[in-house]
Amino acid sequence: MKINKLILDNFRNFQDKIAVDFNSLTVVIGKNDLGKSTILEALDIFINEGSSLVKLDKDDACKRSQSDEFSIGVVFSEYPERVDIDEGNQTSLEDEYLLNRDSLLEIHKHYKNGKCTGVYIHALHPTTEEAKDLLLKKQQELKKIVEDNGYACDNKTKNASLRKVIREGVGDLKLEEIDIPVNEEDAKRIWGKLQTYLPVYALFQSDRANKDEDREVQDPMKLAIKEILQKEDLQEKLRGIANEVEEISKEIAHKTLEKLAEMNPDIARELKPVIPPCSDLKWDSVFKNIEISSDDGVPLNKRGSGVRRLVLLNFFRARAEEQRNLDSKSNVVYAIEEPETSQHPNHQKILIKALKDLADQEGRQIFITTHSPSLVQLLPKDCVRLLCKKDGNLEIISGDLAISDIIDDLGVLPIIGKVAVFVEGETDREFLLNIGAINELKQIIDISKISIIPLGGSTLERWINRNYLDGSNIVEFHLYDKDSDEKYKEAVSKINERADNSKGQLTKSLEIENYIHPSLVEGCDRLSSISCTSIKSQWKNKDIPQFVSQKTGIDELVVKEILCCSLSKKMNKQLMEEINIWDEVEGWFESVKSMTEQTR
274 MKINKLILDN FRNFQDKIAV DFNSLTVVIG KNDLGKSTIL EALDIFINEG
324 SSLVKLDKDD ACKRSQSDEF SIGVVFSEYP ERVDIDEGNQ TSLEDEYLLN
374 RDSLLEIHKH YKNGKCTGVY IHALHPTTEE AKDLLLKKQQ ELKKIVEDNG
424 YACDNKTKNA SLRKVIREGV GDLKLEEIDI PVNEEDAKRI WGKLQTYLPV
474 YALFQSDRAN KDEDREVQDP MKLAIKEILQ KEDLQEKLRG IANEVEEISK
524 EIAHKTLEKL AEMNPDIARE LKPVIPPCSD LKWDSVFKNI EISSDDGVPL
574 NKRGSGVRRL VLLNFFRARA EEQRNLDSKS NVVYAIEEPE TSQHPNHQKI
624 LIKALKDLAD QEGRQIFITT HSPSLVQLLP KDCVRLLCKK DGNLEIISGD
674 LAISDIIDDL GVLPIIGKVA VFVEGETDRE FLLNIGAINE LKQIIDISKI
724 SIIPLGGSTL ERWINRNYLD GSNIVEFHLY DKDSDEKYKE AVSKINERAD
774 NSKGQLTKSL EIENYIHPSL VEGCDRLSSI SCTSIKSQWK NKDIPQFVSQ
824 KTGIDELVVK EILCCSLSKK MNKQLMEEIN IWDEVEGWFE SVKSMTEQTR
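Residue numbers (this note's numbering): 274 to 873.
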């Protein structure tokens with residue numbers, strides 16, 4: 274089964290009920306101490322009951338609440354089509370009305386004083402008196418209902434058949450979403466069967482010491498060993514070992530009984546070794562004390578923290594590669610707190626790629642927590658969940674809304690920040706921002722949410738020659754003036770030769786100021802009502818700032834500011850079409866949009 278959603282109510286920092294949706298790959302981002310780790314730990318408590326890495330505590334109920342009870346709920350998808358909730362009696366969760374309104378399996382556990390007090394299936398279930406609680410009834414009770422009502426049933430030896438006949442006979446079941454207790458009396462068998470389908474959940478915390486005997490380092494290998502031991506060929510060998518041990522044990526018991534009979538036959542007439550079924554034997558415990566050493570026999574716990582966590586990194590890399598070649602049917606969830614801890618940015622990228630590859634494999638889910646927006650840049654936006662506080666309440670925000678809120682909450686530009694636009698000067702930046710408000714261009718991409726960085730002169734040349742952002746996962750779009758000497762032509766060629774999808778281009782007109790309509794220049798009071806009639810036919814290739822400066826006596830730099838920072842705000846699609854620049858400008862925005870989509 275796959276985890277579809279987590280529902281917390283009054284657990285630790287989450288006083289009000291909150292739900293977190295999960296994909297195959299999900300990252301929870303947020304400021305420190307809001308409850309990111311709590312989300313992963315809640316799943317550990319729920320799934321690994323009795324053997325969880327995180328232990329229940331009587332103080333786990335929210336301290337701000339008056340109640341000392343809390344609940345953890347998990348919604349599952351890809352549940353089994355057929356289940357055996359009665360001995361040898363196959364049925365489906367749908368037929369038994371054990372699915373919620375969304376046709377998903379929703380299970381809640383209630384806790385108090387550090388103990389689980391109840392397990393409930395939240396389902397759209399019959400509430401009419403004649404058809405409710407049928408899952409809790411024994412076969413004799415079901416038979417009596419069938420016989421008392423004269424319902425025809427072909428097979429009265431199967432509880433599922435009896436329940437189906439009763440429900441069909443009742444007709445109006447009055448379906449309502451209710452909580453069905455499944456950890457008491459006869460209902461225990463339901464939960465017992467469903468437990469066997471729960472995914473394996475492995476939690477790797479960020480604050481472990483990472484010694485080779487610690488679970489954070491050992492658990493990846495232990496988990497791998499569990500999966501190895503589940504292979505059918507090994508299971509067959511293990512069954513053979515178990516059978517051989519049982520036979521030898523019987524021989525020893527028989528010989529012991531013979532010797533005992535010689536002394537006093539009345540003490541015992543039978544000695545029979547009771548060995549658990551092979552499937553119940555803890556074969557993996559044989560490998561519990563794995564010792565890890567690295568180069569020259571140096572224990573892993575003597576290496577640096579970054580190296581120790583690289584063991585975890587490369588475990589996931591190995592798993593991702595293995596899954597390309599193996600068809601593993603076991604469902605496994607890897608939950609990792611702050612994978613960026615102690616890692617070089619390049620190693621972070623390798624790890625995230627490995628996790629993304631692993632999440633793409635059937636039966637695998639990857640959950641990550643982080644407070645690093647740079648890590649989020651490496652992930653698809655639909656897997657991002659922002660945990661934030663609004664008006665004093667904790668909220669989970671997903672997808673596009675999460676991206677814009679991450680900008681506000683963490684003060685950075687994550688997903689869209691994967692693309693940066695570089696221009697020659699500050700006035701070029703203002704020009705792009707101003708025309709970016711034109712509706713037709715804004716519909717292509719909101720340029721105001723893109724980092725626009727002005728360069729120029731020697732700074733521009735150094736930036737391009739040294740490629741400062743190499744390895745940063747940021748793709749660059751460079752737009753520079755053509756100028757009369759095309760001085761940036763070589764620089765643009767270098768950008769376009771890169772292998773990271775960065776792009777550079779020169780304007781088709783002489784400079785960015787040529788993209789202002791002449792009518793706006795003529796109508797500007799600050800430019801003394803200048804006439805541009807003499808140069809309109811050569812507008813694209815004329816040095817506009819120089820022309821205006823010569824006519825008005827205003828400094829060229831001031832003219833540039835007036836044109837790019839003020840008059841550009843009055844530009845629209847019609848004016849651009851009139852001077853034949855619309856298709857080119859639209860192409861700039863389409864290029865940036867394409868680059869942002871390719872990096873998601």
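Certain hints may be false.
Below, computed lysine-lysine pairings styled on DSS-like, alpha-carbon distance capped at 30 Å [said to hold, decoys possible]:
(1) Lys-715 with Lys-663
(2) Lys-824 with Lys-866
(3) Lys-776 with Lys-715
FRET-style restraints, in silico, Cβ to Cβ [what the hints assert, rightly or not]:
(4) Ala-292 with Glu-367: 46 to 54 Å
(5) Pro-353 with Gln-413: 35 to 43 Å
(6) Gln-363 with Asn-422: 19 to 27 Å
(7) Glu-699 with Gly-860: 21 to 29 Å
(8) Pro-727 with Arg-799: 21 to 29 Å
(9) Glu-713 with Thr-400: 34 to 42 Å
(10) Gln-413 with Asp-332: 40 to 48 Å
(11) Pro-546 with Gln-413: 54 to 62 Å
(12) Gly-796 with Asp-828: 18 to 26 Å
Source of the hints: derived by calculation from the structure; they are not laboratory data.
Virtual Cβ for every residue (Gly too), placed ideally from N, Cα, C.
* Asked: So which hints don't hold here, by number, going up?
  -> Structure breaks hints 2, 4, 5, 9, 11.
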